[in-house]
Amino acid sequence: MLNINNLHVDLQEEDKQILKGVDLTVEAGTVHAIMGPNGSGKSTLSYVLSGKDGYEVTDGTATLDGLDLLDMEPEDRAAAGLFLAFQYPVEIPGVGNMTFLRTAVNAQRKARGEDEMSAADFLKLVRARAKDLKIDADMLKRPVNVGFSGGEKKRNEILQMAMLEPKMCILDETDSGLDVDAMKLVAQGVNALRAEGRSFLVITHYQRLLDHIKPDVVHIMADGKIIKTGGPDLALDVENNGYADILAEVA
Amino acid sequence: MALANQKQTATEARLAGLTLPKGGWSEPARQAALARLQAMGLPQRRDEYWKYTRPDTLIDTQAPAAAVFVTEESKMFDVFDRLNIVFVDGVYDADASDDLSLEAVHIERLANIAEMDIHWAKDIYGALENNAQKPVERPLAALNTAFAEDGVIIHVTGKPSKPICLSYIHNSVTSDAILHHVVRVDAGAELTLLETGPAAARFNKVIEIDIADGGTLHHIRAQGRDHERRAVTHIFARLGEKSVFKAFTVTVNGVLTRNECVIELIGDEAIAHVAGVCVGDGDFHHDDTVFITHDAQNCESRQVFKKVLRNGATGVFQGKILVKAGAQKTDGYQISQALLLDEDSQFLAKPELEIYADDVICSHGSTTGAIDEDALYYLRSRGVPKGAATDLLTLAFLAEAVEEIDDSVIAAAIVSRLESWLARR
Numbered sequence: 001m002l003n004i005n006n007l008h009v010d011l012q013e014e015d016k017q018i019l020k021g022v023d024l025t026v027e028a029g030t031v032h033a034i035m036g037p038n039g040s041g042k043s044t045l046s047y048v049l050s051g052k053d054g055y056e057v058t059d060g061t062a063t064l065d066g067l068d069l070l071d072m073e074p075e076d077r078a079a080a081g082l083f084l085a086f087q088y089p090v091e092i093p094g095v096g097n098m099t100f101l102r103t104a105v106n107a108q109r110k111a112r113g114e115d116e117m118s119a120a121d122f123l124k125l126v127r128a129r130a131k132d133l134k135i136d137a138d139m140l141k142r143p144v145n146v147g148f149s150g151g152e153k154k155r156n157e158i159l160q161m162a163m164l165e166p167k168m169c170i171l172d173e174t175d176s177g178l179d180v181d182a183m184k185l186v187a188q189g190v191n192a193l194r195a196e197g198r199s200f201l202v203i204t205h206y207q208r209l210l211d212h213i214k215p216d217v218v219h220i221m222a223d224g225k226i227i228k229t230g231g232p233d234l235a236l237d238v239e240n241n242g243y244a245d246i247l248a249e250v251a
Numbered sequence: 001m002a003l004a005n006q007k008q009t010a011t012e013a014r015l016a017g018l019t020l021p022k023g024g025w026s027e028p029a030r031q032a033a034l035a036r037l038q039a040m041g042l043p044q045r046r047d048e049y050w051k052y053t054r055p056d057t058l059i060d061t062q063a064p065a066a067a068v069f070v071t072e073e074s075k076m077f078d079v080f081d082r083l084n085i086v087f088v089d090g091v092y093d094a095d096a097s098d099d100l101s102l103e104a105v106h107i108e109r110l111a112n113i114a115e116m117d118i119h120w121a122k123d124i125y126g127a128l129e130n131n132a133q134k135p136v137e138r139p140l141a142a143l144n145t146a147f148a149e150d151g152v153i154i155h156v157t158g159k160p161s162k163p164i165c166l167s168y169i170h171n172s173v174t175s176d177a178i179l180h181h182v183v184r185v186d187a188g189a190e191l192t193l194l195e196t197g198p199a200a201a202r203f204n205k206v207i208e209i210d211i212a213d214g215g216t217l218h219h220i221r222a223q224g225r226d227h228e229r230r231a232v233t234h235i236f237a238r239l240g241e242k243s244v245f246k247a248f249t250v251t252v253n254g255v256l257t258r259n260e261c262v263i264e265l266i267g268d269e270a271i272a273h274v275a276g277v278c279v280g281d282g283d284f285h286h287d288d289t290v291f292i293t294h295d296a297q298n299c300e301s302r303q304v305f306k307k308v309l310r311n312g313a314t315g316v317f318q319g320k321i322l323v324k325a326g327a328q329k330t331d332g333y334q335i336s337q338a339l340l341l342d343e344d345s346q347f348l349a350k351p352e353l354e355i356y357a358d359d360v361i362c363s364h365g366s367t368t369g370a371i372d373e374d375a376l377y378y379l380r381s382r383g384v385p386k387g388a389a390t391d392l393l394t395l396a397f398l399a400e401a402v403e404e405i406d407d408s409v410i411a412a413a414i415v416s417r418l419e420s421w422l423a424r425r
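Those protein sequences? They're chains A and B, same order as listed.
Residue numbers for the first sequence follow this note's numbering, so the first one is 1 and each next one is one higher.
Residue numbers for the second sequence follow this note's numbering, so the first one is 1 and each next one is one higher.
Hints in this document: simulated from the structure, not taken from any laboratory.
Be aware that one or more of the hints could be misleading.
[Unchecked claim] With a Cα cut of at most 20 Å, we get these calculated SDA-like pairs of lysine to any residue:
{"no.": "1", "chain 1": "A", "residue 1": "K141", "chain 2": "B", "residue 2": "V409"}
{"no.": "2", "chain 1": "A", "residue 1": "K214", "chain 2": "A", "residue 2": "D245"}
{"no.": "3", "chain 1": "B", "residue 1": "K386", "chain 2": "A", "residue 2": "R112"}
{"no.": "4", "chain 1": "A", "residue 1": "K52", "chain 2": "B", "residue 2": "D372"}
{"no.": "5", "chain 1": "B", "residue 1": "K386", "chain 2": "A", "residue 2": "D71"}
{"no.": "6", "chain 1": "B", "residue 1": "K386", "chain 2": "A", "residue 2": "P93"}
{"no.": "7", "chain 1": "A", "residue 1": "K141", "chain 2": "B", "residue 2": "W25"}
Chain B with its partners taken away, still in its complex shape:
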């Protein structure tokens, strides 16, 4: 079917400014992604999946300018012992990055391996993304697969002693970054992957994650504090038997964020938890779009999202649990909640369950509310000023989602940052 004119024009305009990297094992994957993208076209306002989030600025030929946020506070996770890999406006910074060698894990750069004739990443790169294009199209992820020139290719073979941290620095007002990471976790292996920072004026990022039987990946990211940056990110994860994937995202500021997370549980007894908190003030639009497919028995999935919105900020949650026929004993849970600190802000939630197995537990809920007046009065009656009492209740609201992080040190670091950010009102 031919694309609508407008879509065709917008897609062609965007593609005109991009060059497909040539050569090596990656070229066929990129060509295939480009063909997918051309068939789908880039998202438009009228697309159902983009009903609540305007994709215009994400597909413009140029990245809209975004001022660099200046702060004296250190980047999140700076105090942790970690292997740090730095990208400035999407470009790898060798000087700022640690040496890429660490026991029990093999780390390479996409830019260095893409032109090889053969590499294990071939089986994952673009494959998980392609797999996730049905039943819902994700054209910006296909665009990423086709044009990403760099990224980190991680093969976890055991249990490394420290986390890998991807630090993104936004330095140029008009930077337009595309990064594509691949993480392969072997059977029984375990890694904590951290991400921090805003990356660029506009950031398009994909992570494809393949976790073998009994493997574990903890993924925790903080998306920086730049007010004007835009980001569209995709996580594609495939989970083997008894594997565990736990992802957590904290977003503060950012004029536009669309975080898609697509998880497929294909081995029995796999566990997937996705959680996130966001704090938005004013010109802020934050969209969590999650799609979890249960395609094996006795699996557990959990989605916990909390948003605090004020001064006209907008939060979106589109979360789906698809339980395929035969995925018996599925335990699926989903909650999305927004705390609106004034009447100008809004939260749009679209929870979806689609279930084809008859012996499952699936529950979902969504709430939108203001600060609890009784709790506020109670705190004030004990001498806590209104502003501080509001902050305390806001933090309490967010803390429930932060508790989803297994590592209590990381969780405490995030809570303490949230505390200081809220206290600056």
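Chain A extracted, bound-state conformation:
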């Protein structure tokens, strides 16, 4: 599904190297988690994969089902099936949430050469998916993320994921700013989407999200590299002992 090979990335503005050779393979239908201390490059990895400006790839490759992601516009990556749930979802005053969702769904369908979804079908689908995430009609009508609480913003991200049905979902610290109940709700939304042809890359600081979204593989990232890979137990190790032991072990 997702293949990242020796990825080196500089932050353009500061001329600073953030990713220093990331290697990562996410197989179809699996859930991978990336944990790591602050500043290790986790969010940068998610931005670079989704195509945000301001980063320069100096070496390495990233492909999605063989397609060279790094050579594509952000909208083309999305149409190819990549989705990033933002750590800080963006507020867009003046654009209704519903308009935004329908525009996105139909833009992706069009890019893939599929027919646009009819207004009636769309409405039916969005209502059903919104209900699962406890998103009410008012939240659908309001401008995108404007005035949403932290929890509402994250649920709105999962709603978009549910509507767009991507095959590769990256969740960037989706648990940050969430209380226990909201985290459960978000995790349920993610788990409902788990499927054979769909993979997840869950970026998080804390093990507790992984209690709800059970990963198949856990990676530890530090200083721009994946320094250790293991099973779900690795996350528990981190929770109990912090990163110090692992960092020392690798060094």
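Following the hints, complete the assembly by docking chain B onto the known chain A.
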């Protein structure tokens, strides 16, 4: 004080080509306006009030040629039930116009009443314009009062069942139109006045609006899509107690537009809202000049202007709120914002507040910015292509001003037009 030579020469040259209509109640008003104009002289580049907009082509003896824009789309407001009054290059078109009778409103043409000995319009025609010549001179409006041969004289006595729509058709490449309308809204009466179309190669239009206590006027205009036309328009409004005046203008294209709006709130608890959106691409210069005077207590005024500019287009906003002594509890608000889609375009804003009362709320703001990169990335990351995402954000920017229109059907019609125009990029 004698006028500067250049000003004098330009004014004389322009006046040489014009004939003052004679006779009837209107002649003294026209003569007085001509005298005002001769004393002021036509605007020149060096005049402070014209610092950001070159008046040259507005005062030339001939209207610069303007190609007629050909489009298959229907004119704005065509689908509405309305009483339609058509002017082609500034000339009334009886065949294309509806019958001028409608309940609760009396509609006449200036051309038909100007030579009467006596008419109620005498108290308004040129009077509001004259009143608005201080503290800032508006010579092109005086020129209009002196020389306008036609226009619509509307007396609203109740609540007509449908809006009156003035449809302007631009047909001749060199047409030079001057129209002067008068609207009088009686106490408690209410009208929606629509205007649509570019009118002429060069258009000089004045509307004088007198709203009595408790009267309401909604004014919504669309200035057509002709690229090369030029227009200078003035709205002069006088608002009585508890009256409401809400004006909205949408401008797309047009090489030069100067829309002046001068409002005087003279009755307590009057409300005046003026809003506008413009979309300019390339050779486009759009100037909103607004002057609102609070001369009564507990009045509210609101100015909301949004401009989208690209390919070297220029937007200007000169907006002033004057609160006179004694106009306590005034609530004045003003915002002007420009979205620049490239680095070649520019927005020039001059917000002004002048306040002589001590118990008022007045706020103003002005912003100039580009498309929000974070929002653009967010939309693109969801699969919306860059062009469509830019359009969506542009429309969202404009929508805030369109929301100023009370009538949701009219607002939706304007948004849908903006949507289709933006999508053609």
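Each hint tested on the structure:
Distance hint between A:K141 and B:V409 is fulfilled; the C-alpha atoms sit about 18 Å from each other, no more than 20 Å. Simply put, A:K214 and A:D245 have alpha-carbon atoms about 23 Å apart, too far for the 20 Å limit, and the pair is violated. With a CA separation close to 16 Å, the supplied pair B:K386 and A:R112 stays within the 20 Å bound. Of the supplied pair hints, the one linking A:K52 and B:D372 holds, its CA atoms being roughly 13 Å apart against a limit of 20 Å.
For the given pair, B:K386 sits about 16 Å from A:D71 by alpha-carbon distance, which is consistent with the 20 Å threshold. Among the hinted pairs, B:K386 with A:P93 is consistent with the structure: their alpha-carbon atoms are about 18 Å apart, no more than 20 Å. The suggested pairing of A:K141 with B:W25 is violated, with an alpha-carbon distance near 56 Å, which exceeds 20 Å.
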